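> Residues per chain, in single letters:
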Amino acid sequence: MGKTFTIVLVAITVVSAAFFIFHGQLLWLPEDVSVHGPGIDHQLMETMVGTGILFLLGQLVLCVFVWQSSGRKEGWKPRTFPGGPKPMVISAILAVGLEILALSFVGSKVWAGMYMNTPDSQALHIDVQAGQFAFYFRYAGPDSKFGELHPEKINQADGNFFGLDPRNDVAARDDVVTATMAIPVDRPIQLTMHSQDVIHSFYVRELRIHQDIVPGLMIPLHFTANKTGRFEIACTQLCGLGHYEMRAFLEVMPQDKFDAWLKQQESQ
Amino acid sequence: MSELELSAETGHAGLMEGSPYGIPSGKLAMWCFVLSDAVTFSALLFAYGYLRVGSPDWSTPFLFSPSIVNGLVMTFVLLSSGLTMLASVEAAKAGHTAAGTRWLWATCALGALFAVLHLLEWRRMIEEGWGLFRNPTGGSTEFGAAFFCVTGLHLLHVVGGVFALAIIALGFRRGKYNRIDVEVTGIYWHFVDLVWMFVFPLVYLMNAK
Amino acid sequence: MSEAAAHPAVHQHTAPTGFIRKYVFSVDHKVIGLQYYGLAIVAVVIGMALSWLMRLHLGWATLPIPGLEKLSPAGAPGNVMTPEYYLSLMTMHGTIMVFFVLTTAPFAGFGNYFLPIQVGAADMAFPRMNMMSFWVTFVAFLALMSAFFVPGGPPISGWTAYAPLSAVGQTSGPGEGWGQTMWAVSIAIFCVGQLLGSLNFIATTLDLRTRGMSLARLPLSTWAWFITSVIGLMAFAVLLPACILLILDRTAGTSFFLPSGLVFGDQMLPHSGGSPLLWQHLFWFFGHPEVYIAILPAIGIISHILPAFLRKPPLGPRVLVGCIASIGFLSYMVWGHHMFVSGMNPFSAILFSVPTLVITIPATIATLLWIGSVYGSRMQFTTAALFCLGFISVFTTGGLSGFFLAQPTIDTYLHATYFVVAHFHFVMAVAAIFGMFAGTYFWMPKMVGRMMNETLGKIHFWLTFVGVYCIFMPMHYIGLAGNVRRYAAFTDNFLVPLIPVHKFITIAALLTGAAQFLFLFNLIWTRFRGPKAADNPWGATSLEWSTTSPPPFDNFGGRQLVVHQEAYLYGVEGASADFIMQTSSETVEKP
Amino acid sequence: MKLRFVFTLVGVTLLGSALLVVGAPPAAGTIEGKVTYTGTPPKMKVIDMSKEPGCQKEQSARTEPVRYQTVVTGAGNSLQWVVVYVSAGPPSPATPAKQVVYDQKGCEYIPHVAVMQVDQPLEIVNSDQWAHNIHPMPKVNPEWNKSQPPGTPPITTKWDKPEFIPVKCNIHPWMHGYFVVLNSSHYSVTGSDGSFSLKGLAPGKYTITAWQEDFGSQSQEVTVAGNETKTLSFVYKVLPY
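Protein chains in written order, with this note's numbering: chain R, 1 to 268; chain W, 269 to 477; chain U, 478 to 1068; chain F, 1069 to 1309.
If you're looking for bench data, these hints aren't it; they were derived computationally from the structure. Model, not experiment: these values are computed from the prediction. Any given hint could turn out to be false.
Cut-off 30 Å, straight-line C-alpha distance, at most; resulting in silico cross-link-like pairs (DSSO-like, lysine-lysine) [said to hold, decoys possible]:
#1 F:K1111 / F:K1166
#2 F:K1207 / R:K153
#3 F:K1305 / F:K1113
#4 F:K1229 / R:K153
#5 R:K153 / F:K1166
#6 U:K547 / F:K1166
#7 F:K1166 / F:K1207
A few chain R residues that face chain U, going by a derived Cβ cut-off under 7 Å, partial list only [to be verified]:
#8 I21
#9 Q25
#10 L62
#11 L103
#12 S104
#13 R208
#14 G240
Computed spacing ranges between beta-carbons, pair by pair [unchecked claim]:
#15 U:N970 / R:R187: 21 to 29 Å
#16 R:D174 / U:F626: 24 to 32 Å
#17 F:P1230 / R:N226: 56 to 64 Å
#18 F:T1225 / R:Q255: 47 to 55 Å
#19 R:W67 / U:S691: 31 to 39 Å
#20 U:T648 / R:E148: 48 to 56 Å
#21 R:A260 / F:A1143: 30 to 38 Å
#22 R:E148 / F:S1195: 34 to 42 Å
#23 F:I1223 / R:L26: 51 to 59 Å
#24 U:L933 / R:G84: 35 to 43 Å
#25 R:A260 / U:T648: 55 to 63 Å
#26 U:N970 / F:E1211: 27 to 35 Å
#27 R:S267 / F:V1169: 31 to 39 Å
#28 F:E1211 / R:R167: 53 to 61 Å
Where a beta carbon is used, it is the ideal one built from N, C-alpha and C, also for glycine.
With the sequences and hints as input, model every part of the structure.
This is the structure in structure tokens:
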């Protein structure tokens, strides 16, 4: 029975690890297109290696001990682990402790680099409105001024998703509202995100960005994309029946293409 | 047969391991309950503080008179009820059942008085237009919500305590309950007392005009 | 003083006659323990059925499930599950499993049955309060079940019930009507029940230990239950007011969790001033300790069972107690790691991340201690023993994935993906359930006086052990691929290619679930047909084995046990047998 | 003898019925006309359906981009989707209330405005390959919100009080339409040319009301005699934005 256990657990361990090591394109992080992304990926890889070793060690050592244990004859005199619990405590504190120290130091740096610095003054400012169950994006337009938000004026029936008041608010008249988020590549982007009803979340795998959008708060987020392409923005905070259908698309394009796109949006 | 009596004395004539704190289960359980209840109140007060800090238009409506004065009177009543409770516990310890019972009734009466004053205060505020989601001054409605929830929970504890005191007082006189039960009730009552010492400054004084 | 003080360990009330007092409203901790266990079994079957439906839907979104329309005409028109019904199933699955299975079986169930026996008491300190705690919990369960049938259907906001979705009511969509209110009511009631239980556990452990049962001699399981009740005492005390505030928001028109300017269906709500993050803070301040309330009893149980089959003392039992205690202590400082992306101040993320990572140290120590205990043993591979080994394996696997999620940087990517689902199912759900299985196979002889069928048990173990890895390991991979959780179907371009993996998981889940019926059958068979069990079938040392199987009404038949030994004296050299009961006065010079 | 009696009987019966038929007065009064506007109506934005690639693909196949339908104008300042109905007048023979079908196709409601009588059966169909949720937002009737993923049967329902009910799909926030529930059995929805016609009206004095989702209602009084055809025109004054 013990030998069976060993074999099964070894099999499980090896197969599980194999999928991590020989992962295909499908079961792994997608290509990273953001400037801060490599930090996260690096951090993740380090953790992966560290925990991977611990995983293999833990499971396989258990297997070895069980195997030995199962082979023993009647009347075997049990032995305690050499040195008793001390080596366990020490090794745990050393191995895990050091791992933790390393991870949290590096990690905090990366984290600080993402969230605890002010966005570039040249950043392109985009206003994001989340609601059941879609994202909408707002560009300031020619006057590079955003119109005021009036929640009571929100009327999705004729496309006033932000609650703008063009009749009385000049700044709002040229605001460009889109359902696709297009951004120029290699240019810092600053988002101001707000939700009209429940908590939503702004998740772009390729950007390694994930931020809840809490109603009542104006949530800032800044990043820079360094590769062009079309990516998916998913909502990851349970927001109601249409949660799984709540998505938008992010188009990272060269500056000139972007300007053209914006012009074309203004015309509509 | 009361469960509190089940282990009224610690040590149990050597039959049981002594409790590391040398107190009977009844008391121990009450201390645990107090601990847990304290956490409950702190959670509510945390919520209150969280909303208060988060609301730019928080209203501080309490005038010195009548609100604060009334609050002070209530505080005085509750504190003195703490003293009478103490007296009753001491009497019970010394084995003066009659005296202990008298002091218990006194505590009970003071508690009831506190509750009455509190309810009058509530009525005045409700007549002024305050409510769980109403604010006559036009400020944040959170004030009413927080105020009535925090004080409401405390009032609930006071009323419960008053009934407990009455029951214990009746039973103690007839020997149904012993001094331990009086002490346990005492612990509870002092806790209710203590909570008010937080509620009064946080909810009343901090919201004085 | 009365008789009470003279013989406190002996029952104050004579054994009741009559069915009601004996089996329904019984004050006997053993009956109450069995009632809790039974409740957990009922709950786990329901929860598992729900997960089956969910898995089916995730694998084959448009597949009609015959008869589902009968179950819920609104939820599954034409037997095809609607997204809102999927979310209700998910919410109910989470709530039922976390509260009424993981909290109820290993903690309240086994704890009620064995804690008093293991400390040598005749009953809990407050038998009537104990009875109340069960029936309150039962009412909470009924309240939760009623959510299936109330107008508006069961809640859809997940077991975390994040406001505003859970607080605004009907206007935010289906499943936010009476169902959500009943959910909050049920949880509030549940908190009260747990509070009563915890008080009892603490008082009993500290005050009713029989002579010689010093704290140092307490079995590890008792230690775990004791520490768990201390955690529960303060954790549920926070959830209770949180639920009350939620109910007020839903029914009384307050706005604790509702900010101003909420717009639903182009209509602005009158609420103002509240904060959705307040709910998250209150909930997770309870929520994280709750995770340990689920797992610590299991840790205690397997630490208690393992030595009996290793036939050697556990490695560093006191260190283990220290680990459990420190895990419990730390559990109060880490709630923020559930909110890394919630819009907290980014600085606090680092503050919460460090203690979270620190928790892995005691957890690692505990794991190493178990593995180290296996070293140099000649193990008896009973079903219970196998489940202990399985526990060590899944606990390790699940614990390690915690390293990723504890770091805000990595959590930024993995938050709310299936990686998280895999993590907490391994470390909390599967591990706790394995603890429950181990406990069942180990203690059932004592609880019903009959041996369980080992062959069935072993088959059950193999299927379950392999099964859970097949279900939850792949979730790590799709999690890394960014597969968002709580999606009713996978329509996003980047999720569609992952559906085959989900189909595999679904099949694994169905098979593993089916295997659990072997266990249920084994339970029922044992109860009625199982061979009679000896008083101490495993040759174990702790007090529950010093009495008959099942124990008499007052546990020890009026005897006053005296404890002379440590809890786990197995394979002591020079001893008469290969183990020394805690009650035996045999003295062996320590090697 | 007997035979002749039978014949006369048959003859009399036939004659009588013929007389009855002739005697029945025909109620074929008709009111028709156009709904127009003066001023500049708000410009309807083009709908950005990029959220649902399927819909976007279907719509991009069209020549004219899809716009929001709050105000739909046509040639000669005509207004489409205006409901014109009899809000008061003598009872006219009711038209049989057959099932109204409301379709969701390419992330649009077809028709944009569905008119029905109280208690008239309404069937909601999802012709798309992806889920929609139907969320009528009435004030007097009970509100509901159901999702309709592909594979589910049509939703059949009815409304028991007259009301103008806005309908939306939260999954596709631009999807917006109206259920117009009326007591009257005589109503008409203006087409792209803004024209309407109410047929089969009994003689008498009627109040005819026109309703537009953005501009609201206006009424006129008309008297219909015999089977004449009255023409009637409604004009809305509108401001920009």
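> Could you run down the list of hints and mark each one as holding or not?
Against the structure, the hints:
A C-alpha spacing of about 36 Å is found between F:K1111 and F:K1166, which places the hinted pair above 30 Å, so the restraint is violated. The straight-line distance between the Cα atoms of F:K1207 and R:K153 is roughly 19 Å, inside the 30 Å bound, and the hint therefore holds. Distance check on the hinted pair: F:K1305 and F:K1113 sit about 21 Å apart at the alpha-carbon level, within 30 Å; holds. Straight-line distance between C-alpha atoms of F:K1229 and R:K153 comes to about 28 Å, which keeps the hinted pair within the 30 Å bound.
Simply put, R:K153 and F:K1166 have alpha-carbon atoms about 38 Å apart, too far for the 30 Å limit, and the pair is violated. The straight-line distance between the Cα atoms of U:K547 and F:K1166 is roughly 29 Å, inside the 30 Å bound, and the hint therefore holds. This hinted pair checks out: F:K1166 and F:K1207 have alpha carbons roughly 25 Å apart, not beyond 30 Å. Taken as an interface hint, R:I21 does not check out: its beta carbon lies about 12 Å from the nearest beta carbon of chain U, beyond 7 Å.
A cut of 7 Å between beta carbons decides the hint on R:Q25: the least distance to chain U is about 9 Å, and the hint is violated. At a threshold of 7 Å, the smallest CB-CB gap from R:L62 to chain U is about 5 Å, leaving the interface hint in force. Taking 7 Å as the C-beta cut-off, the interface hint given for R:L103 holds, the closest approach to chain U being about 6 Å. The beta carbon of R:S104 comes within 6 Å of a beta carbon in chain U, closer than 7 Å, and the hint placing it at the interface holds.
Because the smallest distance between the Cβ of R:R208 and any Cβ of chain U comes to about 5 Å, under 7 Å, the interface hint for this residue holds. At its closest, the beta carbon of R:G240 sits 4 Å from a beta carbon of chain U; the interface hint therefore holds under the 7 Å criterion. Separation of U:N970 from R:R187 is about 25 Å and conforms to the stated range, judged on CB atoms against 21 to 29 Å. Separation of R:D174 from U:F626 is about 53 Å and departs from the stated range, judged on CB atoms against 24 to 32 Å.
For F:P1230 paired with R:N226, a C-beta distance near 59 Å keeps the hint of 56 to 64 Å intact. Distance hint check for F:T1225 and R:Q255: the Cβ-Cβ separation is about 52 Å, which falls inside the suggested range of 47 to 55 Å. Our hint of 31 to 39 Å for R:W67 and U:S691 holds, since their Cβ atoms are close to 38 Å apart. The given range of 48 to 56 Å is broken by U:T648 and R:E148, whose C-beta atoms sit roughly 25 Å from each other.
Separation of R:A260 from F:A1143 is about 33 Å and conforms to the stated range, judged on CB atoms against 30 to 38 Å. A hinted range of 34 to 42 Å holds for the C-beta pair R:E148 and F:S1195, which are about 40 Å apart. F:I1223 and R:L26 have their C-beta atoms about 37 Å apart, which leaves the hinted 51 to 59 Å range violated. Hint check: U:L933 to R:G84, Cβ distance near 38 Å, so the stated range 35 to 43 Å holds.
At roughly 41 Å, the beta carbons of R:A260 and U:T648 sit outside the given window of 55 to 63 Å. Between U:N970 and F:E1211 the beta carbons are some 34 Å apart, a value that agrees with the proposed interval 27 to 35 Å. For the hinted restraint 31 to 39 Å between R:S267 and F:V1169, the CB-CB distance of approximately 36 Å keeps it satisfied. Between F:E1211 and R:R167 the CB atoms are about 30 Å apart, so this pair departs from the stated range of 53 to 61 Å.
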